[in-house]
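S.K.: Fit chain B to the supplied structure of chain A, relying on the hints for placement.
Chains as they are written, first to last, in our numbering: chain A, 898 to 1599; chain B, 898 to 1599.
Any given hint could turn out to be false.
Which copy is meant is left open, so a pair is good if it fits within one copy or across any two.
What the hints assert, rightly or not - Only pairs whose alpha carbons sit at most 20 Å apart, straight line, appear in this in silico DMTMM-like list of lysine to aspartate or glutamate:
(1) Lys1473 <-> Asp1447
(2) Lys1328 <-> Asp1174
(3) Lys1508 <-> Asp1533
(4) Lys1044 <-> Asp1251
(5) Lys1530 <-> Glu1505
(6) Lys1527 <-> Glu1505
If you are wondering where the hints come from, they were derived from the structure by calculation, not from laboratory data.
Number of protein chains: 2
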Amino acid sequence: MSLKSLFEPESVAVVGASRKEEKAGHVILKNLTEGGFKGEIVAINPAVNTLLGCSCYPSLAAYGKDIDLVVIALPQKDVKEAVAECAKVNASGVVVIASGFKEVGAEEARLEQQIADFCVRHGMRLLGPNCLGFINTDINLNVTFAKTRPSPGGISVFSQSGALCSVMIDLAEEQHLGLSKVISIGNKADIAGFDVLSYLANDPQTKVIVGYLEDIATGKNFVKAAEEASSKKPVIILKSGTTAAGLRAASSHTGVLATDESAYGAVFKRAGVIRADSFEALLDVASALSMQPLPKGDNVLIVTNAGGPGILAADAVENAGMKVAELDDKVTTFLSHELLSQVNSASPIDVLGDAEPSRYASVIKAAQADAGVDSILIILSPQAMSKPAETARAIVGSLDGSKPVVATFMGGSALLPARHELTAAGLPHYKSPERAITALRGMSAYANWKQRPPRMVTRFRVNRRRVERILSRRQRTGRLQLGEVKGKDVLGAYGFHVPDGALASSAEEAREIAERIGFPVAMKIVSPDIVHKSDLGGVFLNVANGEAADDSYELMNLKIRKKVPEAHIEGVYVEKMIGKGLEVIIGMTRDPQFGPMLMFGLGGIFVEVMKDVTFHLAPITEQEAIQMLKSTKSYDMLQGRRGQDGVDLSAIASGLQRISQLTTDFPQILELDINPFIVGDFGSEPIVADVRMTLAAMQEKE
Amino acid sequence: MSLKSLFEPESVAVVGASRKEEKAGHVILKNLTEGGFKGEIVAINPAVNTLLGCSCYPSLAAYGKDIDLVVIALPQKDVKEAVAECAKVNASGVVVIASGFKEVGAEEARLEQQIADFCVRHGMRLLGPNCLGFINTDINLNVTFAKTRPSPGGISVFSQSGALCSVMIDLAEEQHLGLSKVISIGNKADIAGFDVLSYLANDPQTKVIVGYLEDIATGKNFVKAAEEASSKKPVIILKSGTTAAGLRAASSHTGVLATDESAYGAVFKRAGVIRADSFEALLDVASALSMQPLPKGDNVLIVTNAGGPGILAADAVENAGMKVAELDDKVTTFLSHELLSQVNSASPIDVLGDAEPSRYASVIKAAQADAGVDSILIILSPQAMSKPAETARAIVGSLDGSKPVVATFMGGSALLPARHELTAAGLPHYKSPERAITALRGMSAYANWKQRPPRMVTRFRVNRRRVERILSRRQRTGRLQLGEVKGKDVLGAYGFHVPDGALASSAEEAREIAERIGFPVAMKIVSPDIVHKSDLGGVFLNVANGEAADDSYELMNLKIRKKVPEAHIEGVYVEKMIGKGLEVIIGMTRDPQFGPMLMFGLGGIFVEVMKDVTFHLAPITEQEAIQMLKSTKSYDMLQGRRGQDGVDLSAIASGLQRISQLTTDFPQILELDINPFIVGDFGSEPIVADVRMTLAAMQEKE
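This is chain A alone, in the form it adopts within the complex (with noise of 0.2 Å):
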């Protein structure tokens, strides 16, 4: 059901309304009669007749009429039957503000469970437990405990903490920042981010939107609604919980189970979700995005009066991964012209110290002409002779609102009027030229984001049948561990490269199958016990002709039975030799929350002990798997250095395209590496050298 009558009703009751001014049952009921709401207000106190200014009613049944929107404020023990009195009078939506349910124990989750499925059954939307309400400026609405009242504004915020929910309140009000709907969705029972973000995403009023997330238990949902937020307007998350340390404060905080950290990453990228990496630079990048227009590029014009702050901003573009900007010469000759030269137009564009506002301004008016600007930082810090509020006025009246502008004017208290300005102007402002540039880059990711070329999955053709055989034999049997054997019968079946091999039962099988595939060949030992086959001499390579392909059958089984006396041993594989190329590892994780998870990364130690790996969401399309390998830091070797030829980049992609496609295909496909995957120069075939396979347990039928 949608939560739009939820979060514009024409009628909210606040249950729990209180006579004591410290409890949240008046302060709700405060902000809500205070806020000039439109709608019907009604207080549920049995105690009472009226409460500020409010006709109290001893409960929801003798207020006798319909109710779009019910605020429970009472002690978490009194929180189910209330919810059951609000089927009595059709609300729409329920929230319930007390803590002590999930956070606090398991027959606590179960309770908040129980009023979770109630409120589902009467068709009713829950906000909370554990919450400190919402707010949407647009209706005048607050049922929330918070003290600040935030001013009208674009900006919509969501929250999993409630404490930090009304931290943003504050700070934006701070930072004259307007807010539309404020959100906290606390334990989440039923309505979690991505229905906050869906409602959001459609509401007219909201330009931009702010999240804070613990964690994320519907990821599916999560990256469907996250994806489709994003492409109507900008979303800021900061997800917390990325350490081990903050996992485990989270999970004692929530109680729910981690995703991998590494996922997230992929599937903020993937959705087009602008990852906040502080507190701060939440509004920070917010307060850009609802203020500017999006750059077009990468390359950011430094305007400053001073050189040292500059330097830092320059420094920071450079760490953001962008550009510093220069002014095209022609620009430059115009304004050494027009300003005599009272500008250093090297860049960073140096004003100097004695700069007027107006010189400011006719920077500021080239730069926006000049094509080879895409976003424009001004920092002033202020010197003897600096008027910052005329230089503010300057600027705002230099702007056309071509690209995006923001300022840092450095210093105390003085430069309030000028920052106020700023603001007021629509020009936002940060307090230092290293915050500035981080709005930038949030803005820049962004931008790049939505020119992103359109999504086109490749559907290969393959052998899907065969490999839905091999596996619902296997999963019936319960030998889930698929090995090389059984793991390259599903790739070949794919479409991947295998080399030409089978099964020996016996030294004389094993040549039999050598002279008939060609010499020379590769000899493994087959055993489900046996993971780490060359470490225990279980691989023979470059096995040259039939006598030696019976030795070595012999040989190998001496030693394993050694070694190993307990494996069971199904046989040796013989397989034709495969060529030389260079090693990499391509696989897939099934994450629990958001479904398989590629991964990539070069052979051996770069994966081991470099951890230079990359993941990416399943469906992956050719350009995001190019993407994928572009983005580690082994690249270089793809590449080819020192005159070698690089390998073929598009072979490896290929191979990434049909994993996913593999394991969209079979959710019962949990975890697959291809390690290793060998590729060659361009146009040659790629090779699967081994592969292992973990598949989900049958589904008892029930």
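M.R.: For chain B alone, coordinates are given in the frame of chain A:
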């Protein structure tokens, strides 16, 4: 000459004192007269008799008495003459405010040099030019044109950027931080960062030193001064120009040649300098250090009244390389007893949303007594019943000064009184948990440096004479590139193990040498014109017998002559084949500022592709060398993976120490690369497989 008489003068003259309020010469005199300076103040202005209550003289000579400090606030063109006047009044210090010197061009740089030389010759120290002046709050002396007057306190600031100097004054005042000295060093014509560091290190009023630098022109002096200063008090420095873009910006601004960025990292670490990552971090770290004791370890206890901010803090702690502390079980039991379960003692400690001030106090008292807690971050985010100011008071009352405590009261301006209460009582406050943790990380890094073991540089017994002979012959004959043969000769003299070998000039000789040292041998072409020997077929390995040695000699010469006909071939180096081992690279690059910078990295792709290398200033101790190995990402490889044996770390460390000794003994070695240095398991002798060395050209005798 000491800077004491400059920064602590008894008489001050302002040359260029002006009636016009917007002139620096007016503002400086105003700041000086209004500041309460007890010494003699003289204004020099030929046009008036008195100015701002001071007697005016037409010239220094006209005043007729000696003056300690002369501040020259005249335009660039008049500075030289004014400085000449200073000598006549026996000034100890001269401050030149005007810009338009080195930062503008070569001619102006010469003028600056002349002025500086003149000062030196006349026993005067020169601050600037192109600077803001300086402030010494201890004697109420302010000879800057900064608009804000700092309050006295224990933090001293120096800055290469005048603009950032005045911004720091503003911010310190806004954050209620007191300053002792504020010194704008400008173009550093005479007084540089290291001079100021030495002065502040010995200044009893200065407790913490904060610096902003764009370049370091006299590296060795800086290292010495910084290390001495750090051993007395914390030094926090923001070094800008760390990226290519920042460097370009800095060079156009300061006109100084760049040192490699990695060198700064190594230098700061060695000297115990706390490096700030951003402008805001500078004062964030300084305020904690100026108010709180140093931590004994890295365990940070987080105390919060809300989950979300606690998780953010926990993430920040782990990202900073520190640990989230847990309370001791006994403490937990005590607390749950005393506070009747009003606290969730799982870390972070949650005192819950309804926390009374006393609840915070109880937890902090307990945490201060808990040996597992090294520092404490207190978070308050205002909730319905929070009493921020009372809580601040209760927190302050509970402190015993045994451990560093910092606080974050998150939210808007309603918290200002509470925050002021905290800082006034010496408890530093930060706007976000992340920034608070940045401060604790700085403290922790400094504390660790202070606790480092004494530096004992090993001197190995070497054949220094032999190296001296080799190098001076090469320098005399201008052959400055030492290849494998001579390079191994030099390293052998410094105790490195080099394989037995000799240079052959004929096939016959090659055979004889090979037979003498024993097969198998390696054979390598020796030519000053060939760098990548193996790429051109100039390396044969595992040559097994006399005939093969003979053939190899001929074949190699044939190949190379064909491929590089113009190459001068000196012969073929025949040496004992080297056993297997791990290939690492150790080397040295002589930084123009800081001298020999030792380098270590795992061979091949680790260095070339992953850039996984570390640097350290020579001379190096054994512990520092081991630390270099540990700080690479590829350290896992050295320790041995998957049951493989690790390599002998002390052998690599010893190699680094020997290079350290060699390049300290011989400053003419500009570059040295042992690549690869082959290391085996513990106790085995590591081997120099190849080496290259570059010498400085011989200085012409005058």
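S.K.: Each of the hints needs a verdict: does it hold here or not?
M.R.: Taking the hints in turn, this is what the structure says about them:
| no. | hint | verdict |
| --- | --- | --- |
| 1 | Lys1473 <-> Asp1447 | within (16 Å within a copy, 38 Å between copies) |
| 2 | Lys1328 <-> Asp1174 | both (17 Å within a copy, 15 Å between copies) |
| 3 | Lys1508 <-> Asp1533 | both (16 Å within a copy, 11 Å between copies) |
| 4 | Lys1044 <-> Asp1251 | between (44 Å within a copy, 15 Å between copies) |
| 5 | Lys1530 <-> Glu1505 | both (14 Å within a copy, 11 Å between copies) |
| 6 | Lys1527 <-> Glu1505 | both (19 Å within a copy, 17 Å between copies) |
Checked against the numbered hints above, the structure violates none of them.
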